[in-house]
Amino acid sequence: FINQGQLDSAIRYNRLSLDIKRQLKDTSGIAAGLNNIAVIEQFRGNYESALALQLEALDIREQAKDTLNAARGKFNIGRIYFFMERYEDALVTLKNSLSEMPKEALKAGEEGMGWQSIGTCFLKLDQLDSAELYLLKARDISEQHQDIRNLASTYTSLSSLYFKQDRLSQAI
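For the sequence shown, the numbering used here begins at 1 and goes up steadily by one.
The set of hints was computed from the structure by calculation and includes no laboratory data. The model shown is predicted, which means the values in this text are computed figures rather than measured ones. A hint or two may mislead.
[Stated by the list, open to error] With a straight-line Cα cutoff of 25 Å, these simulated BS3-like cross-link-like pairs (lysine-lysine) come out: (1) 103 / 137; (2) 65 / 107; (3) 95 / 65; (4) 95 / 107; (5) 25 / 95; (6) 95 / 137; (7) 107 / 137; (8) 21 / 95; (9) 65 / 103; (10) 124 / 137; (11) 124 / 95; (12) 164 / 137; (13) 164 / 124; (14) 65 / 25.
Given only the sequences and the hints, what does the whole structure look like? Please build it.
Below is the structure:
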């Protein structure tokens, strides 16, 4: 339903699924259901609602000692803070996410996306040296994993960085 733009139906069915998972006391399923609904709310631009749902899911994952999914949840929360233009909160949360993520469990694009997100927060805060450090690391990791989607985002952020620094030959 999400891919077809039927967000109301996606929310409805995810809520029905969440109700069943709550009846079953399936904590992992409850956290995943909250995450799914939060992603839809974030897509809609309902960041406060998305944040509340992600924080509830994080609490469940931390109580269950699900460190992998808790770290992934913190990444989602960091991205919501970013969209809310709460860049300092985003930085703290994104850094925590990366530091708590078991390295062997990182999916190919997760680490590069994390570095790219942190670099872009620094860019928004005009902390350009830090932005460059993180964005170049994101570029290197994305190239290593052949993650062309994140590589494109990283190049866009690097271009903005170099433009702000009046390093126009590197911005293009």
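Tested hints:
1. 103 / 137: At roughly 16 Å apart (the allowed maximum being 25 Å), residue 137 and residue 103 satisfy the hint.
2. 65 / 107: Given pair residue 65, residue 107 holds - Cα atoms ~20 Å apart, limit 25 Å.
3. 95 / 65: 19 Å, holds
4. 95 / 107: 17 Å, holds
5. 25 / 95: The hint is violated at about 31 Å.
6. 95 / 137: Holds - the C-alpha atoms of residue 137 and residue 95 are around 14 Å apart, at most 25 Å.
7. 107 / 137: Holds. Residue 107 to residue 137 sits at ~16 Å (cutoff 25 Å).
8. 21 / 95: Not satisfied, since the Cα-Cα distance of roughly 31 Å exceeds 25 Å.
9. 65 / 103: Holds - the C-alpha atoms of residue 103 and residue 65 are around 17 Å apart, at most 25 Å.
10. 124 / 137: At roughly 18 Å apart (the allowed maximum being 25 Å), residue 137 and residue 124 satisfy the hint.
11. 124 / 95: 16 Å, holds
12. 164 / 137: 19 Å, holds
13. 164 / 124: With a Cα-Cα distance of about 11 Å, the restraint between residue 164 and residue 124 holds, given a limit of 25 Å.
14. 65 / 25: Answer holds: residue 65 to residue 25 is near 16 Å, not above 25 Å.
In this structure, the earlier hints numbered 5 and 8 are contradicted, and the remaining ones agree with it.
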